[in-house]
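Colleague: Listed here are the chains, written in short residue letters.
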Amino acid sequence: MPLIEVIEVTKKYRKGDESITPLDAVSLEIEQGEFISLMGSSGTGKSTLLNMIASIDRPDSGRIIIDGTEITSLSRTRLAKWRAENLGYIFQTHNLVPVLTAYENIELPLLLLPISASERKRRIEVALRAVDLLDRADHYPRQLSGGQEQRVGIARAIVSHPKVVVADEPTGDLDPVTSRQILDLLKRLNEQLNVTLLMVTHDADAALVADKQFRLDHGHLVQTGRTEVPVQSREIHKQHRD
Amino acid sequence: MLKFLPYTFKTLWRHRSRTLLTVSGSAVALFVFCFVAAIQEGMDDLQKRQAAKGSLITFQANKFCPATSHLPQDYDQDIARIRGVKDVIPIQVFTNNCRASLDVVVFYGVPPDKLQAARDFELVSGSWPEFENHQDAAIVGKAVAARRDIHVGQKFSIGDLSVNVAGIFESDDPAEENYIYSHLDFLQRSKGTNLVGTVTQIEVLLNEGVDQIEMCKQIDEQFRGGPVETDTRPKGVFQAKALGGLTQLISFAQYLGYACVGLVLALVATTTLMSVEDRIREHAVLQTLGFTSGRVFRLVMTESILLSIAGGAIGIGSAMIVLALSSLSVGAEAVTIAFTPSLRLAFEGMIVACVTGILAGVAPAWHAAHTEVVPALRHA
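Protein chains in written order, with numbering that gives the first Met the number 0: chain A, 0 to 241; chain B, 0 to 379.
Errors might be hidden in some of the hints.
DMTMM-like, lysine to aspartate or glutamate: derived pairs with alpha carbons at most 20 Å apart [said to hold, decoys possible]:
{"hint": "1", "chain 1": "A", "residue 1": "K80", "chain 2": "B", "residue 2": "E281"}
{"hint": "2", "chain 1": "B", "residue 1": "K9", "chain 2": "A", "residue 2": "D137"}
{"hint": "3", "chain 1": "B", "residue 1": "K85", "chain 2": "B", "residue 2": "D73"}
{"hint": "4", "chain 1": "A", "residue 1": "K14", "chain 2": "B", "residue 2": "E276"}
{"hint": "5", "chain 1": "B", "residue 1": "K2", "chain 2": "A", "residue 2": "D137"}
{"hint": "6", "chain 1": "A", "residue 1": "K186", "chain 2": "A", "residue 2": "D56"}
{"hint": "7", "chain 1": "B", "residue 1": "K2", "chain 2": "A", "residue 2": "E84"}
{"hint": "8", "chain 1": "B", "residue 1": "K2", "chain 2": "A", "residue 2": "E124"}
{"hint": "9", "chain 1": "B", "residue 1": "K9", "chain 2": "B", "residue 2": "E276"}
{"hint": "10", "chain 1": "A", "residue 1": "K80", "chain 2": "B", "residue 2": "E129"}
{"hint": "11", "chain 1": "B", "residue 1": "K9", "chain 2": "A", "residue 2": "E103"}
{"hint": "12", "chain 1": "B", "residue 1": "K52", "chain 2": "B", "residue 2": "D119"}
{"hint": "13", "chain 1": "B", "residue 1": "K2", "chain 2": "A", "residue 2": "E103"}
{"hint": "14", "chain 1": "B", "residue 1": "K2", "chain 2": "A", "residue 2": "E33"}
{"hint": "15", "chain 1": "B", "residue 1": "K113", "chain 2": "B", "residue 2": "D102"}
{"hint": "16", "chain 1": "A", "residue 1": "K186", "chain 2": "A", "residue 2": "D204"}
{"hint": "17", "chain 1": "A", "residue 1": "K11", "chain 2": "B", "residue 2": "E371"}
If you are wondering where the hints come from, they were derived from the structure by calculation, not from laboratory data.
With these hints in hand, go ahead and build the complete structure from the sequences.
Modeller: Below, the structure is given as structure tokens:
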């Protein structure tokens with residue numbers, strides 16, 4: 000059974016008099032431990048799909064089931080609790096809290112979980128070591144480079160041992176060398192921690208780091224690679240029902 | 000929620016200029032609120048005490064300023080004979096200022112043998128025999144002594160009047176600590192021989208259960224048609240009448256106190272709202288990490304309450320210290336109201352600060368907690 004099931008998800012919005020459908024009955028299945036990349040030009044709805052899987056946006060129709068929980072039917076409060084326990088989010092612009100140190104930023108999601116202070120400390124140190132920033136624990140975001148900030152963001156996303164980690168253009172704000180380091184780090188975490196990773200990117204080279212690549216085109220999802228394979232959403236939906 | 004306190008403190012410290020300005024503004028407003036409340040408290044305390052004591056004041060009819068009231072001193076014996084009267088104290092009053100003043104000095108000339116029985120004083124320095132055995136001696140209330148820097152053994156003069164300070168007293172009644180007690184004979188003679196045989200007022204102490212209003216009527220009836228007619232009232236009513244317009248002014252000043260609370264409310268609400276507006280994206284990030292709307296609401300409320308409480312603690316604390324050290328009082332026509340700093344007042348002030356913080360935080364906290372996450376994450 001796939002860890003993430005996106006079933007005929009549709010999202011529409013209006014822009015002036017025009018009705019736009021960035022996601023038109025999109026379906027997708029992601030297995031536990033897979034690293035998926037999602038590409039598409041601006042406005043094609045890739046971040047919208049990522050945000051819906053991250054449960055911070057809702058589809059107009061369709062369902063999203065993650066590890067057996069239909070997140071599209073949960074209330075706002077239950078969704079927040081679900082995110083705290085199951086989701087890590089890596090932002091393009093890092094979005095670290097500027098008044099907190101790297102250590103405290105990584106600690107934030109752990110404060111929401113029923114774990115002891117010593118366990119928190121242990122997990123933060125493991126996360127810091129994983130992103131190779133143990134010596135920067137007491138630094139504030141303004142004292143870190145862009146790449147280091149993103150590594151703190153990654154540590155914050157994995158520290159609570161989430162089932163799913165989503166990354167929205169994680170290399171979008173970084174130079175090529177740092178981008179490569181971050182992509183290597185994500186790949187390493189995916190392999191070593193077996194974390195399921197969904198990454199949205201503009202960069203075709205970055206997308207190749209993932210196990211599978213998808214592209215959103217005119218509201219439809221297409222699996223890319225050597226040969227592009229349209230994802231038959233209705234078939235997946237039928238399989239799910241069966 | 001305590002786990003998030005460091006985050007809240009750091010957030011407030013991040014905009015320290017804004018935080019310090021807000022805390023300072025709240026502190027000033029709550030300082031004024033406490034000052035105003037302290038006068039009101041002093042007036043309420045004065046009236047409550049006098050109502051509880053059940054004593055009356057007989058004054059010359061149709062006279063208002065103590066300097067113009069001259070009752071024959073032997074009226075005290077006539078009043079003492081009325082059934083229900085426990086004791087009478089003839090009092091000569093001298094004050095440096097009949098009008099409303101913040102530094103009024105009031106002398107009460109009283110027979111020394113009656114003073115200890117009629118008042119609940121305790122000498123903090125000096126001695127009773129020193130007072131009783133010297134006609135020009137006086138005992139001085141602790142508040143007026145502090146205000147005027149008066150010490151035992153010192154000669155204290157005001158206008159033509161000079162007394163030797165034989166003792167400093169404290170009393171449960173803060174207003175009493177603003178008076179100076181001297182010998183009746185001395186005060187009558189020091190103002191010229193024409194005052195001998197007359198007193199400004201007579202304080203009438205009643206037995207328990209005696210109807211004060213009936214007794215007032217009975218006393219005034221007794222002297223109706225006599226050489227000097229009297230006007231007798233319960234002491235609390237007499238003092239309220241003497242304070243006259245000052246009472247209204249103090250009541251009006253209460254609104255100034257409420258305005259200060261409104262000011263704190265507006266100030267803290269503005270700062271908290273600005274802080275929330277600055278951090279729309281940060282709150283969206285927190286919600287993405289798994290913070291519930293309720294938790295974000297509580298975080299913002301904590302900021303608002305901390306601002307208000309910090310301002311309150313500084314303002315109320317300063318007010319209490321200034322009030323305690325300055326021994327301020329306001330008086331008119333020889334009746335004084337002490338500015339009464341009390342723990343109850345400080346506690347009430349902190350409750351006001353806390354409630355203000357809660358009210359000021361609700362709208363910004365609601366705004367932060369119910370922001371749509373995705374648009375907020377795109378917020379520059």
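Colleague: Hint by hint, note whether the structure agrees.
Modeller: Do the hints match the structure? See the list:
As the CA atoms of K80 (chain A) and E281 (chain B) are separated by approximately 18 Å, the hinted pair is consistent with the 20 Å bound. Distance hint between K9 (chain B) and D137 (chain A) is fulfilled; the C-alpha atoms sit about 14 Å from each other, no more than 20 Å. For the hint linking K85 (chain B) to D73 (chain B), the alpha-carbon distance of about 17 Å falls within 20 Å, and the restraint holds. For a cut-off of 20 Å, the pair hint linking K14 (chain A) to E276 (chain B) is broken: about 26 Å separates their Cα positions.
The straight-line distance between the Cα atoms of K2 (chain B) and D137 (chain A) is roughly 18 Å, inside the 20 Å bound, and the hint therefore holds. Taking the CA atoms of K186 (chain A) and D56 (chain A), the gap is near 26 Å; set against the 20 Å cutoff, the hint is violated. For the given pair, K2 (chain B) sits about 18 Å from E84 (chain A) by alpha-carbon distance, which is consistent with the 20 Å threshold. With a C-alpha separation of about 19 Å, the suggested pairing of K2 (chain B) with E124 (chain A) holds against the 20 Å cut-off.
Simply put, K9 (chain B) and E276 (chain B) have alpha-carbon atoms about 17 Å apart, close enough for the 20 Å limit, and the pair holds. Annotation: proposed proximity of K80 (chain A) to E129 (chain B) is violated, straight-line Cα distance about 78 Å (limit 20 Å). Proximity of K9 (chain B) to E103 (chain A) is assessed by CA-CA distance (about 11 Å); at most 20 Å being required, the pair is judged to hold. Proximity of K52 (chain B) to D119 (chain B) is assessed by CA-CA distance (about 11 Å); at most 20 Å being required, the pair is judged to hold.
About 11 Å separates the Cα atoms of K2 (chain B) and E103 (chain A), which keeps this hinted pair within 20 Å; it holds. Distance hint between K2 (chain B) and E33 (chain A) is unfulfilled; the C-alpha atoms sit about 35 Å from each other, more than 20 Å. A C-alpha spacing of about 27 Å is found between K113 (chain B) and D102 (chain B), which places the hinted pair above 20 Å, so the restraint is violated. Using a Cα cut-off of 20 Å, the hinted pair K186 (chain A) and D204 (chain A) holds, with the two alpha carbons roughly 13 Å apart.
This hinted pair checks out: K11 (chain A) and E371 (chain B) have alpha carbons roughly 17 Å apart, not beyond 20 Å.
Of the numbered hints given earlier, the model fails hints 4, 6, 10, 14 and 15; all others are met.
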